[in-house]
Amino acid sequence: METVENTSAELLAFEARLAKDEVIEPKDWMPADYAKTLLRQISQHAHSEVIGMQPEGNWVLRAPTYRAKKILLAKIQDEGGHGLYLYSAAETLGMDRAQMIEQLHQGKAKYSSIFNYPALNWADIGAIGWLVDGAAIVNQVSLQRTSFGPYARAMVRICMEESFHQRQGYEIMVRMMRGNAEQRQMAQDAMNRWWWPALMMFGPHDKDSAHTQQSMKWKIKRQSNDVLRQRFIDKTIPQAHFIGLNVPDPDLKYDEENKSYQIGEINWAEFQQVICGNGFCNHARLSHHKKVHREGEWVRQAAAAFSVKQKQKQQDLATAMA
Amino acid sequence: MNNNENLYQFLLRCADDNLIAGQRMAEWCSNGPILEEDLAMVNISLDFLGQSESFMEYAASLDTTGKTSDDLAFGRSEREYYNHLLVEQPNDDFAVSMVKLLFFSAFQKELYTALMEGKDERIAAISAKAVKEARYHYRHASDWFERLALGTDESLRRLTYAVEELWPFTENLFETDEVYNSLFAEQIVPDMKSIREKWMTTMREVFSNGGVDIPANVHMYAGGINGYHTEHLGHLLCEMQYLHHAHPGAQW
Ligand SMILES: [Fe+2]
Ligand SMILES: [Fe+2]
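As they're listed, the protein sequences go chains X and R.
For the first sequence, this note's numbering assigns the number 160 to the initial residue and increments by one for each residue that follows.
For the second sequence, this note's numbering assigns the number 13 to the initial residue and increments by one for each residue that follows.
Note that these hints are calculated values from the structure, not bench results.
Since we're looking at a predicted model, the values are computed, not measured.
Please note that a few of the clues may not be correct.
[What the hints assert, rightly or not] Far from chain X, by Cβ distances over 12 Å, these chain R residues were calculated: (1) Ser66; (2) Gly130; (3) Asp132; (4) Arg170.
[What the hints assert, rightly or not] Straight-line C-alpha distance at most 30 Å; calculated DSBU-like pairs for lysine-lysine: (5) Lys131(R) - Lys141(R); (6) Lys210(R) - Lys141(R); (7) Lys141(R) - Lys229(X); (8) Lys205(R) - Lys229(X); (9) Lys378(X) - Lys366(X); (10) Lys186(X) - Lys376(X); (11) Lys269(X) - Lys394(X); (12) Lys229(X) - Lys144(R); (13) Lys450(X) - Lys267(X).
We treat Cβ as the ideally placed atom computed from N, Cα and C, and that holds for glycine.
All chains should be modelled from the sequences, with the hints used to inform the complete structure.
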C-alpha cells in the first residue's frame, strides 16, 4: 500500500504543493494518513479547549472581584468558542461533532494532559492563564502556518484572543505577589505545581517523539517540540523572576553565551502516567463531561423535536397555501 | 452612611438582583446542555455582572465611608442583600434556569425602559444600555420556553415543574415599600403597577404560545428587598465571598 501511494501522481502533486508552502483545503486531494493525523490533532485540540473550561470554571463562582469574575468568564467563553471553531475545522475532514464527543467519551480521542491537574487555589487561575495559555500560544502561533487551511485559519482567530489570556493570568500572579504573605505563598504554590506540567505540554523530546517527523514533513507541525519548549522557557522565566517567583527547578542554569536557560530533567514517568489516564483528574474531567452531556440530553432532544415540528408546520402551511 | 438613603437602597436592589442572577447563571459554566448554550449562558452572566457593577458603583459613590463596589458586593451578609427572591432560587435544571430568566428578563426590560425616562440621569443611562441586554435575555428565554413547551413530553413536564416552582416568587418583583414610593414621588422610578401589567401581558403571550397554563391561586412570597431571604442565598454568598472570608483584608 505504501509503495502504491508513494508512486502515485496525486501524492507527488500533494508533496510538491507542500514544498511550495501551499495551503491544503478540505476539497483537495490528500493522503489518507494526512487527513487522519489532522482529524486526530484538531479534534484533540477542540476537546482540550472544552475540557479546559472545567478547571477554570471551578473558580468562576469564587472569583474575588467584579473585574476578576468578568475576566475569567470572558476567558472561559473564549475557550469554548475556540472549541467551536476547532470542531468546525475538524468537521471539514468528515466527522461530525457528536461523533468526536462519542470518541472522547470512549477514550479513543484525547485532550491535553495539562487539564488533568487540579486548580486548587485562586493563584492557580493566574498560573493557568500565564503558564498554560502561555505555552499554548507558543504552540499555536507556530500552527498558524500549518498546512491545512481550516486549521491554520482557526489558529489565527484563536491566537488573537490567546494573548489576552496569558496577560490576565500574569496579572493575577503580579497581584498575588504584591499581596500579603498568604497570597505570595499561594502564588508560589501554584507556580510549583504548574511549571513542570506546562513544560510537558510541548510533548516528548524530539528524539523520542513518534509523530513529530511525519507531521513536520507534512507541515502540519512547523517547529519541533524542543524548539517550542525552549522558546517558552526563555520567555517565561524572566517574567517569573521579575515578580519574585522561584522556578521550581534546582538544576536550572542560565547560559550567558546563548542567552538561554537550561532546565533540569523533565519527569517523563509522570508525563506517561497522565497520558495513559492515571493523572489526578483524568477520571474526574471525563466523567464530568459525560455527566453534563447526559444531563443535557433531554434539552437537545426537545430542541430537535421542536425544530422538526416547526418544519412540519411550515410545510403544512405551504401546502395549504398552494 | 450615605447621602441619599432611599436612592442608595434602590441601587443596591438593582445591583444585587443582577449580581445574584449573574452568579446563578455562571453556575452553568462548563455545565451547559450543549456548548453553544453553555457559552450563551456565560454571556448572559457577563451582562448581569456588568449591570450589577454599574449600579454598585453608583451606590458606592453615595457611600460616605469610602466603600468600593467590590466592598459592597463581597462584604455584606445575607441580611444586607436586597435582591428579589426569584433570582436567588437554585437552578435545579435547565428548564428552571430558563423560566427564571424569562420571568426576570421580562421584568427587567419593562423596568429599564421606564427608568430611562426617570429623573435620575445616571440610572437612566445605565438602564439605556442594560435594556438592550434585557431584551436579548428575554428573547433567549422565551425561545427556550417555546421549545421546551412544544418539544418532548419530558421537556414539557420539566417546564411545567419549573413554572410551578418559580411562579410564587414573581409577585415579589413588583413589591413596593417606603423606599420605592419615595423615589416614585421624586419621579426617579416608575409606577410598579404599570410594570406589572406589561409583564403580565408578556406572560400571557408567552404561555399561550407554549400552550402552558399560568398557575392560578398560588401563595405569593414577599421579602428580599428588605433583607429577608430564602435559605438559598446564604450558600450562594458563602461560595461567592469565600476568598474574602478566608483571607480577611487581602487585596485582590
Ligand atoms: Fe483556547
Ligand atoms: Fe486560552
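A quick look at each hint next to the structure:
1. For Ser66(R), the requirement that its beta carbon stay farther than 12 Å from each beta carbon of chain X is not met, with the minimum near 10 Å.
2. Gly130(R), annotated as away from the interface, keeps every beta carbon of chain X farther than 12 Å; the closest lies near 24 Å.
3. A cut-off of 12 Å between C-beta atoms confirms that Asp132(R) is not in contact with chain X; the least separation is 22 Å.
4. Its closest Cβ contact with chain X, about 7 Å, brings Arg170(R) to no more than 12 Å, contrary to its assignment away from the interface.
5. For a cut-off of 30 Å, the pair hint linking Lys131(R) to Lys141(R) stands: about 16 Å separates their Cα positions.
6. Proximity of Lys210(R) to Lys141(R) is assessed by CA-CA distance (about 20 Å); at most 30 Å being required, the pair is judged to hold.
7. Proximity of Lys141(R) to Lys229(X) is assessed by CA-CA distance (about 17 Å); at most 30 Å being required, the pair is judged to hold.
8. Taking the CA atoms of Lys205(R) and Lys229(X), the gap is about 34 Å. The hint is violated against a cut of 30 Å.
9. For the proposed pair Lys378(X) and Lys366(X), the alpha carbon gap of about 18 Å is at most 30 Å, so the pair holds.
10. Restraint check for Lys186(X) and Lys376(X): the C-alpha separation of about 21 Å stays at or below 30 Å, so the hint holds.
11. Between the alpha carbons of Lys269(X) and Lys394(X) the distance comes to roughly 28 Å, so the proposed pair stays at or under 30 Å and holds.
12. Simply put, Lys229(X) and Lys144(R) have alpha-carbon atoms about 19 Å apart, close enough for the 30 Å limit, and the pair holds.
13. Between Lys450(X) and Lys267(X) the CA atoms are separated by roughly 18 Å; this keeps the pair inside 30 Å, and the hint holds.
Comparing the model with each numbered hint stated earlier shows that hints 1, 4, 8 do not hold.
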